[in-house]
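Engineer: Residue strings, one per chain:
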Amino acid sequence: MNRLLRSKNLILTIGLTIFGIVLVVTLNPDGYLRVLLNLLTFAGIYGLSAIGLNVHFGWTGLLNFGHASFMGVGAYVTLLLIPHAAGREGDITTTGLPLFVAIIIGVISAALFGLLLGLPAIRLRGDYLAIVTIAAAEIFRLLVRDLENITGGVYGIISYSQNLQQYRPGFVTNLATKFDIAPSQTWVCLIAWISIVLVLFLLKRLNNSPWGRALRAVREDEDAVRAMGKNAVWLKLQSFMLGAGIAGLSGVLLAFNYGSLETTVFIPLLTFYVWAIMILGGVGSLVGPIFGSIIFWVIISETDRIAYIFFENANGQQLAGVRFLLVGFLIMILMIFRPSGLLGKKEELLLDVK
Amino acid sequence: MLDQLGNGLLLGTIISVASVALSLLYGVTKIVNFAHGEIIALGAIATLFFSSPIDYRIEFLGFIPPLGLSFAISCFLAVLTCGIFGGILELFLFRPLRKNNVGNIAVLVVTIGLSIFVRHLYLLFATGKVQNFPLELQRRQTYLFFDMTPRNLNVLIAGVIVMLLVGFFLTYTRIGKAMRAVRDSEDLSSISGINSDNIILMTWVSSSMLAGLAGIFQATINDVRWNMGFLILLLIFAGTVLGGIGTSFGAMVGGFLIGIFVQVSVGLPFMEGHTEAKNAIALAIMIIILLFRPQGIFGQKERIS
Numbered sequence: 000m001n002r003l004l005r006s007k008n009l010i011l012t013i014g015l016t017i018f019g020i021v022l023v024v025t026l027n028p029d030g031y032l033r034v035l036l037n038l039l040t041f042a043g044i045y046g047l048s049a050i051g052l053n054v055h056f057g058w059t060g061l062l063n064f065g066h067a068s069f070m071g072v073g074a075y076v077t078l079l080l081i082p083h084a085a086g087r088e089g090d091i092t093t094t095g096l097p098l099f100v101a102i103i104i105g106v107i108s109a110a111l112f113g114l115l116l117g118l119p120a121i122r123l124r125g126d127y128l129a130i131v132t133i134a135a136a137e138i139f140r141l142l143v144r145d146l147e148n149i150t151g152g153v154y155g156i157i158s159y160s161q162n163l164q165q166y167r168p169g170f171v172t173n174l175a176t177k178f179d180i181a182p183s184q185t186w187v188c189l190i191a192w193i194s195i196v197l198v199l200f201l202l203k204r205l206n207n208s209p210w211g212r213a214l215r216a217v218r219e220d221e222d223a224v225r226a227m228g229k230n231a232v233w234l235k236l237q238s239f240m241l242g243a244g245i246a247g248l249s250g251v252l253l254a255f256n257y258g259s260l261e262t263t264v265f266i267p268l269l270t271f272y273v274w275a276i277m278i279l280g281g282v283g284s285l286v287g288p289i290f291g292s293i294i295f296w297v298i299i300s301e302t303d304r305i306a307y308i309f310f311e312n313a314n315g316q317q318l319a320g321v322r323f324l325l326v327g328f329l330i331m332i333l334m335i336f337r338p339s340g341l342l343g344k345k346e347e348l349l350l351d352v353k
Numbered sequence: 000m001l002d003q004l005g006n007g008l009l010l011g012t013i014i015s016v017a018s019v020a021l022s023l024l025y026g027v028t029k030i031v032n033f034a035h036g037e038i039i040a041l042g043a044i045a046t047l048f049f050s051s052p053i054d055y056r057i058e059f060l061g062f063i064p065p066l067g068l069s070f071a072i073s074c075f076l077a078v079l080t081c082g083i084f085g086g087i088l089e090l091f092l093f094r095p096l097r098k099n100n101v102g103n104i105a106v107l108v109v110t111i112g113l114s115i116f117v118r119h120l121y122l123l124f125a126t127g128k129v130q131n132f133p134l135e136l137q138r139r140q141t142y143l144f145f146d147m148t149p150r151n152l153n154v155l156i157a158g159v160i161v162m163l164l165v166g167f168f169l170t171y172t173r174i175g176k177a178m179r180a181v182r183d184s185e186d187l188s189s190i191s192g193i194n195s196d197n198i199i200l201m202t203w204v205s206s207s208m209l210a211g212l213a214g215i216f217q218a219t220i221n222d223v224r225w226n227m228g229f230l231i232l233l234l235i236f237a238g239t240v241l242g243g244i245g246t247s248f249g250a251m252v253g254g255f256l257i258g259i260f261v262q263v264s265v266g267l268p269f270m271e272g273h274t275e276a277k278n279a280i281a282l283a284i285m286i287i288i289l290l291f292r293p294q295g296i297f298g299q300k301e302r303i304s
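Sequence lines, in order, name chains A and H. Numbered per numbering that gives the first Met the number 0, the first sequence finishes at 353, counting up by one with no gaps. Numbered per numbering that gives the first Met the number 0, the second sequence finishes at 304, counting up by one with no gaps.
Check each hint, because a few of them may be wrong.
Here are the computed lysine to aspartate or glutamate pairs in the DMTMM-like style, where the Cα-Cα straight-line distance is at most 20 Å [as the list claims (entries may be wrong)]: (1) H/Lys98 with H/Asp2; (2) H/Lys277 with A/Glu147; (3) H/Lys98 with H/Asp222; (4) H/Lys98 with H/Asp186; (5) H/Lys277 with A/Asp145; (6) H/Lys29 with A/Asp126; (7) A/Lys344 with A/Glu219; (8) A/Lys177 with A/Asp29; (9) H/Lys128 with H/Asp186; (10) A/Lys345 with A/Asp220; (11) H/Lys277 with A/Glu137; (12) H/Lys176 with H/Asp146.
Since the hints were made in silico from the structure, they are not lab data.
The following block holds chain H by itself, in its conformation from the complex (with noise of 0.2 Å):
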């Protein structure tokens, strides 16, 4: 069972960093968005675009040379983009349909036609071939008492970096700390002088960045592929409501957690040649969870319903 561990915590960043930015932009816009797959995908397929030498063998945007760019650069561009992504939903789709008091589960429909709608674009310019970074392949080594390869680790390292920078900036920055007013109350935070407006923008944007930067980590650790979100989103929606839906704190730790959890579980006696069923458990918990304590582990009981 120790042996899945290591891949357990990097499923578990993966997952954490999705999580965080699923449940800030859920307690800011109170959206449940379905399309937030499809921006983690965008972050992989960018930096794949924009990383790609020109000599590689890249099956994406066929009809547009690869630009051959380094893979830091890249990345930063990719989330970037996504970033981008996120403000341009905000300003054309979701900001229009706030402003005509549209209501929450129509909203939330609207995202599941976004998802499909965006996902098979993918499908169409990015081909459904499975693909990897143009990264050269690493040996695995132990560190402490859990395997991987050096550059996972480094995954693993940012992902934790990220997620404390994240912290810091809703708890001691002004954007940050506007975003949980807003989060809080729209009214009492718009009479405190804070355009909402503006901080639900940012939130749109911060969210989509992390999104796609969990994109890259997937990617990286695994590989690129047009559905590669729609894959995790449900994932994603565990560790979000095993923290607690609409925290952040609760998002990183419920997401470390079912990350752990389905990994961990493939080493059980009883899933012994049943490893696909593995995702079904996190589901499972994540469905008992809501039926006993609604609010998560970390969440206020007010926040619910």
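So that you can see chain A by itself, here it is in the shape it has in the complex (with noise of 0.2 Å):
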């Protein structure tokens, strides 16, 4: 029966999906393929940090609110390795290091910060967490908006978009031109959903494994698992920092996508963001996140539509104000009404503090 339940949901999130996708399509009659082109782009990045961000909260119950940090980190150290400009009137600028090496030490550096972020999770329950990672996230961005010399403060940093780019093969700039879509975002795109494959995959192992069991357990019952002799606070950890790293690739790809960055992107909302698309795609489901994502983004990217019939001329004060008064209102109602979202376990959801 519970079987019966479970591809139940999964037809009806897929219906829902290419419910959303056809919507958007018959909505934007001229050019829905660069619509759904940005669309998909957003809802890949957005996906794989909300994969990262479910195997915190979905598989070991960590409450993460400090997920844009992860992103950002692996975001400012990448594109600070390879050749970028920091600044209003910023010169080019690089260590030699080829991209490929720049993202794999990002990620690494974003697994740390995780690692260090955790640290306080193992003395603190769940909503001093929360209050701890979001403060973390904002000294970070802090931090980086003041160090004006290394990341470009307000300005942010630009000119690197080159370094994905140079690595673009030629189907995809024919792909793209023969649709008449940009090629350079058609790449990220590509990219951001390899690396969903890839990580879903290495995901779907872990999760088999006795590690994602005992993770898991973590999750339900700490003291269980230190009477069966393994060690709750390393495995909370090394969680932490394998979603962190998923964040930290996400962010890089965000970058990307952005073609210049600024502190701003970094901004609680973010995270916010990402909460929304997990708990829509379903805490502790794998694949959830990716439906959520694209879902969430349908949502969004069709609100503009919304706001245009509240205000005549609304200007992009209240085009954004309508939008995250959705997100908000979506999280509400999600948490209310449905928590475990369209894939989650309702058995597997830990909503209670520990």
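Quick one: dock chain against chain with the hints and give me the complex.
Structural biologist: In structure tokens:
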């Protein structure tokens, strides 16, 4: 019965995703490919980030509200290692490392930052951890903004996109020009979705391994894990590092999608976006965040229409206002009426303070 | 460094009043309220709305003419508005959640959603412009060894009086005692004939009124912004945690300490040219406190985990 219910949920979710995409196509009769590409790129990047958050919250039950800082560490470390220009009039500087190595160092840095942030998790229970992680993310953002001669401060980092685009294979360019869409974004989109497939494959293996079972046991009953001779603290830290590394990778992709990187990208709202996606997709579900992300971005990309209903000639502020209004509402409603999201298992959901 | 002490005391007053409110609510309901900042902003926005004279250049709620009430009455009405808002939140959102045994973490996520929702309602209906209360400009004067305007001195005094009143209210009145009883054990207080639902409602109302007052203080000292509550929320958490979450006296002291620390740190030698990072120091203090003394300065150990 349970199995039947799960497959019913999956069919419903896939149906909803397809419906969302069809909706976007019908609402944007001309140039729907460009809208779809933009949507799928953001969905891929945020979905990847949500998969990382799911390792923290869904698997291990760690209440992480500093996810934006993991994405930020990955993005900044990677960009600072490859040719880039910082600040308004910065010159191109580089360390000469190849892009691939820089990304790996960026991801490892994000994981190490996760280890650092995970240390309080040893001592603190759920709600305190939420406060600590959101505060640490803000410290990170304020420091990055303040280190103006390295990170460009409020002016950000620019002139780095070419590092990724020079590896763009010919068929991507041909395909993009054939369908009249931006080749650079097509390449980022492709990498994002390839990363998702690889990460999901890795997580699937981990999830079924003894390590994955021990991790879920930490969420259910930490004392029992200790009694079995497992090191619960180290398991939590490993989970923090794994999730943070995945988030770091998505941060790198986000930076390459934007073309210029400013500290305002990593405000707490980014974390809340990822939370909304994770809850929508299903806490603890492996593929849930992907569908959650696509549906979320379908909603986001069409909210401007709602804004124009209420405000004639809506300005940018009103458009953003309506969009975030909807995000807040979505988080509230989902958490109250369907905390397990589209594909989550209710019995696996940790919602009480340990 | 000493010239920043006046600013520190003022920021301390804001954080202190808001921390007491947050701590009271956490103590009684165990809710970490991320929407606390939005109630603070409501206090300031409502005051501006009530007090703006007819000919004042008001950007808020453009389709309703400003009411032009006197500033004192506006403050009173704004605090009342916040109280009603808090009561509505409890009656229509948090009480049903509690009755359905929704876990603490789910409620925490709900308050985050609520915070985003309400904050952007302000952005839509109160615009993103930075505005000031319709009060005349004042010159700074020297009191003892710190500088501030006479109005800000009044804010400081009002803040101290309010906190003394809160302390008196919690220690000596029947409702205050009942709140502390529910905080210590909801089951035991129910057995003793305390209607815990009513007490929690009262806590929401009084916590929201205090938060609204903190918002009025903040807007008097600085200005009114749609996201003013969220900007100061983490400092309020820092103040609450430093003093000991769930304690009232601790939150008062912790709030003042954080406020003074943030402002005085601007004068430190290595902070020269890095004033933007001053909030980072307060947050770092909070994390260190949580690591080494999670119950805060005045908290009791058994309240933690």
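Engineer: All the hints need checking, so say for each whether the structure fits it.
Structural biologist: These are the hints, each one checked on the structure:
no.	hint	result
1	H/Lys98 with H/Asp2	violated (51 Å)
2	H/Lys277 with A/Glu147	holds (15 Å)
3	H/Lys98 with H/Asp222	violated (39 Å)
4	H/Lys98 with H/Asp186	holds (14 Å)
5	H/Lys277 with A/Asp145	holds (10 Å)
6	H/Lys29 with A/Asp126	holds (10 Å)
7	A/Lys344 with A/Glu219	holds (14 Å)
8	A/Lys177 with A/Asp29	holds (16 Å)
9	H/Lys128 with H/Asp186	violated (47 Å)
10	A/Lys345 with A/Asp220	holds (17 Å)
11	H/Lys277 with A/Glu137	holds (12 Å)
12	H/Lys176 with H/Asp146	violated (39 Å)
The earlier numbered hints that this structure contradicts are 1, 3, 9 and 12.
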